[in-house]
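Those sequence lines, one after another, are chains A and B. Residues in the first sequence are numbered from 1 upward in steps of one, following the numbering used here. Residues in the second sequence are numbered from 1001 upward in steps of one, following the numbering used here.
No lab work stands behind these hints: they were computed from the structure. For clarity, every value in this text was computed on a predicted model and none was experimentally measured. By construction, the Cβ of each residue, glycine as well, lies at the ideal position given by its N, Cα and C atoms. Treat each hint with caution, since some may be false.
Claimed, not checked - Some, not all, of what chain A presents toward chain B, calculated at C-beta under 7 Å:
| # | residue |
| --- | --- |
| 1 | L80 |
| 2 | L83 |
| 3 | L91 |
| 4 | A96 |
| 5 | A205 |
| 6 | F208 |
| 7 | A210 |
| 8 | F212 |
| 9 | V237 |
| 10 | A244 |
Claimed, not checked - Below 27 Å or equal to it, Euclidean Cα-Cα: the simulated DSS-like pairs (lysine-lysine) are:
| # | chain 1 | residue 1 | chain 2 | residue 2 |
| --- | --- | --- | --- | --- |
| 11 | A | K108 | B | K1072 |
| 12 | A | K178 | A | K108 |
| 13 | A | K108 | B | K1075 |
| 14 | A | K88 | A | K132 |
| 15 | A | K108 | A | K132 |
| 16 | A | K88 | B | K1072 |
| 17 | A | K108 | A | K88 |
| 18 | A | K178 | A | K132 |
| 19 | B | K1075 | A | K88 |
| 20 | A | K178 | A | K88 |
Unchecked claim - Using C-beta positions, here's what the derived DEER-type ranges look like:
| # | chain 1 | residue 1 | chain 2 | residue 2 | range |
| --- | --- | --- | --- | --- | --- |
| 21 | B | R1068 | A | A187 | 20 to 28 Å |
| 22 | A | P245 | B | L1048 | 34 to 42 Å |
| 23 | B | G1056 | A | P152 | 29 to 37 Å |
| 24 | B | A1027 | A | A221 | 19 to 27 Å |
| 25 | B | R1039 | A | I67 | 20 to 28 Å |
| 26 | A | H68 | B | L1026 | 17 to 25 Å |
| 27 | A | A112 | B | G1033 | 39 to 47 Å |
| 28 | B | T1060 | A | P60 | 34 to 42 Å |
| 29 | A | A187 | B | P1043 | 32 to 40 Å |
| 30 | B | P1042 | A | F58 | 31 to 39 Å |
| 31 | A | K178 | B | A1038 | 55 to 63 Å |
| 32 | B | V1034 | A | P37 | 51 to 59 Å |
| 33 | B | R1068 | A | A221 | 28 to 36 Å |
| 34 | B | V1041 | A | L170 | 42 to 50 Å |
Below, each chain spelled out in residue letters.
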Amino acid sequence: MISLAAAPIALAAFLASTVEAVEAFTIVLAVSVVRGPRPAAIGSLAALALLVAVVAIFGPLIGRIPIHALQLVVGVLLLLFGLGWLRKAILRAGGALPLNDESAAFAKQSQALEAGASEAAADWIAGLAAFKAVLLEGTEVVFIVLAVGAGPGLLLPAAVGAACACLAVLALGLLIRKPLARVPENALKFAVGTLLSGFGLFWTAEGFQAPFPFGDWAILALVAAFGVFGLAMTAYVRFLMARAPAWT
Amino acid sequence: MDVIRAFGATLWKMFAADLVLTLGALASIVVLGVLTSARAVPPGDIPLMLAAMVFGVFVTAINLSVVREIRKRSKR
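The whole structure should be built from the sequences, with the hints applied where relevant.
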């Protein structure tokens, strides 16, 4: 179980965390460029400390939940989370929703920080913006790690995957000092959506004590099924959107 | 206060951005849970029924999202 599931778990955590880390980095970078590195660092570190405290308090409680109840809860959460990401990625790839633009997000955040405020208040607002960004995106990372790592022995690969993603984004960001607009965010969201949905469906069935045939191999089949299905739905949405002007 | 509001918005964004998808998937799981506990379905059929229901809900949610976006664009 561990050997087969650890690699996709680490990959799912890595890809999902990359998306969240890029979003947080854009705002922290905007804070750093507009108000200097101090409020950006203080806000980010305060948020990280809060996240660590939350994980330290609530993490051990997970071990006390009966295994089938945990599988069901985690499965349902993963399924909802994964389907949500997959839906958004399909709609964006199909042209129904605009693609996420980190450069635009950076410009918007910079503009908001430059808007008239006294010097002291501006530093406070900038620090709070960095705090909020790291806390909110970090919460999603923590949630992803706890959810995908909820199986026996899977928390470590999930945590390693997420940590690698955060460090990679930070290193890349410090190197180029620009918003990471070239990260293929929608493709990542699509991949993560298929992974989380596949795992979610598998764990939900396990939670019902009615496992899929072929044991853990079913995970790969489910992820592949969601991938093929997602690509087909993307083509379908593209087809609909191309003909939309004729219907309106 | 601002942080709490943003936190609430994030949780909302995580699970309730598309209520049809969220509620539909949850409803499928609840229905299957009821059928399972009533032993109304052979256990071997449950995973496949679950998969079929989830894919069905997903297709419905995508279609509704597309219709919503087309309507939005036509109003502009």
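Those earlier numbered hints the structure runs against, lowest number first
The structure conflicts with no hint, since it agrees with every one listed earlier.
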